[in-house]
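> Counting along the sequence shown from 1, when you hit position 145 you're at 145 in the UniProt record's numbering, and nothing is skipped either side.
Source of the hints: derived by calculation from the structure; they are not laboratory data.
The model shown is predicted, which means the values in this text are computed figures rather than measured ones.
Don't be surprised by glycine CBs; every beta carbon is placed ideally from N, CA and C.
Check the hints yourself; a few may be wrong.
With beta-carbon atoms standing in for the labels, derived distance ranges [unchecked claim]:
id: 1; residue 1: Gly263; residue 2: Phe52; range: 56 to 66 Å
id: 2; residue 1: Ala67; residue 2: Leu350; range: 33 to 43 Å
id: 3; residue 1: Gly236; residue 2: Pro314; range: 29 to 39 Å
id: 4; residue 1: Ala67; residue 2: Phe442; range: 47 to 57 Å
id: 5; residue 1: Gly112; residue 2: Arg60; range: 35 to 45 Å
id: 6; residue 1: Val17; residue 2: Leu450; range: 14 to 24 Å
id: 7; residue 1: Gly38; residue 2: Pro174; range: 24 to 34 Å
id: 8; residue 1: Ile12; residue 2: Leu54; range: 18 to 28 Å
id: 9; residue 1: Ser347; residue 2: Ala184; range: 56 to 66 Å
id: 10; residue 1: Arg60; residue 2: Pro425; range: 26 to 36 Å
id: 11; residue 1: Ala84; residue 2: Asp105; range: 16 to 26 Å
id: 12; residue 1: Gly140; residue 2: Asp105; range: 13 to 23 Å
id: 13; residue 1: Val240; residue 2: Pro273; range: 19 to 29 Å
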Amino acid sequence: MLAGLGGAVSAILWGLVLLSVLVFVHEGGHFLAARVLGIRVREFFLGMPCRFRLAWESRRYGTVYGATPLLLGGYTMVCGMDGASSPHLAGALASVAAHGRATVDQVAADAGCTAEEAVEALATLADWGSVAPYYDPDLGERPTDSTWPSSFETLERDPSLLTKYDRGHDFSLPGTTAQGEPHALGEGPEAFLAAERSHTYLAHGFWGRTFVLVSGVAVNLVCGILLVVAVLTLAGVPMVGDAPVAGSVTEGSLAQQAGIEAGDEFVSVDGTPVSTWQGTVEAVREALSEGTDFTVTVRRDGRPVDVGVALDGPAETLGIQGTVENVRLGIGESLSYALSYVGATASFILRLLQPAHIGEVIESSSSVVGISVMASEAASQGMASFALLAAAVSLSLAFMNLLPIPPLDGGKVVIEAIQAVRRRPVSMRVQQGVSMVGIALFMLLFFVLLRQDIVRFVLGG
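The whole structure should be built from the sequences, with the hints applied where relevant.
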């Protein structure tokens with residue numbers, strides 16, 4: 001249960017740090033994959049979209065990097081990922097290129113479409129990084145508005161018609177056109193549109209798109225594994241030592257009643273010599289199972305001491321625990337532990353697809369509130385504990401995103417697979433409808449987990 005205002009603030013702070021960094025890392029996977037394939041990326045931010053932000057633009061790639069105060073994750077704008085299309089793209093692109101800066105009405109007239117269709121086409125081209133919205137201050141238009149402006153303009157292009165988002169662009173060459181200036185179309189509107197599309201997510205087939213989609217999951221997996229390996233190799237993990245020494249004695253146990261003390265070194269149990277903790281455990285278990293009194297010889301302060309254990313019949317435990325040591329594991333052993341944990345996490349998440357286990361999984365899961373409380377507690381125990389929690393959350397995020405439910409990455413992969421098999425795109429209306437169902441399911445899950453965590457951590461139920 002949260003202890004007052006200070007505990008709540010600490011939980012919120014550490015929860016934001018943990019979730020924001022891990023979601024940002026996930027988005028970083030999509031970003032890196034897009035870069036590898038030469039896909040344009042317009043923005044890459046820590047935090048959710050917000051009008052208030054700190055940002056800088058890469059001169060090499062044109063991508064705007066930055067952070068917003070809404071530290072609830074991160075986002076990356078990969079050109080063409082929204083999947084929108086229009087039959088008027090070539091005409092709209094040609095119109096803007098011819099004018100340098102064109103109003104929606106001018107584009108509609110040139111492309112032979114309605115103003116609404118022109119806005120739809122221009123919005124898609126802006127998403128591709130092919131044109132830029134022009135916000136006219138004289139008309140009171142601002143980039144923070146929720147609607148598109150009344151005009152769009154060209155981007156700066158070199159003689160090869162490459163933009164700031166494209167590899168190999170060189171704006172120092174003669175023939176470069178500035179933003180808002182008219183430029184040639186090369187071999188014509190359709191060829192120019194095809195060239196622009198080649199720089200987007202849409203230009204790639206099933207395997208290229210899948211690579212972009214699963215890269216976020218892959219980065220979360222790698223992050224989780226590396227964190228586990230780092231903690232086990234650098235900080236170590238508490239493990240019961242092999243020395244036959246009592247680390248602690250349970251109050252009220254048979255061991256305490258017999259007079260066994262913490263720090264006693266076991267020499268023999270019921271006449272059986274012991275030299276390891278495992279040997280001690282086995283000898284004690286055998287003696288207890290016989291149900292008759294037996295003698296334990298321990299070394300205390302350098303001297304042997306015989307201790308008698310009285311039994312009224314077979315017993316299960318003596319009430320002693322071994323000494324706990326902080327052991328640093330080798331990289332191979334640490335990696336083995338990490339991979340075992342990956343398998344356990346995957347098995348747990350996959351139970352969400354099994355109706356018989358859904359209730360069990362939900363009961364064992366946590367919302368943002370629960371994760372925040374655990375993050376605060378882990379941080380108070382040290383960086384090793386916090387890193388292990390981060391590893392657990394990172395792996396959970398990875399496998400949650402692999403679930404075949406849109407709008408999760410796994411759901412998008414399923415849609416791409418369907419499109420590849422059918423050899424034609426799934427309509428945006430169908431995709432949006434399925435995604436809305438998925439969002440509704442996850443919103444329901446979110447509120448169930450939120451209520452569960454409020455009762456568990458806030459109300460102390």
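> If you test the structure against every hint from before, which numbers come out violated?
4
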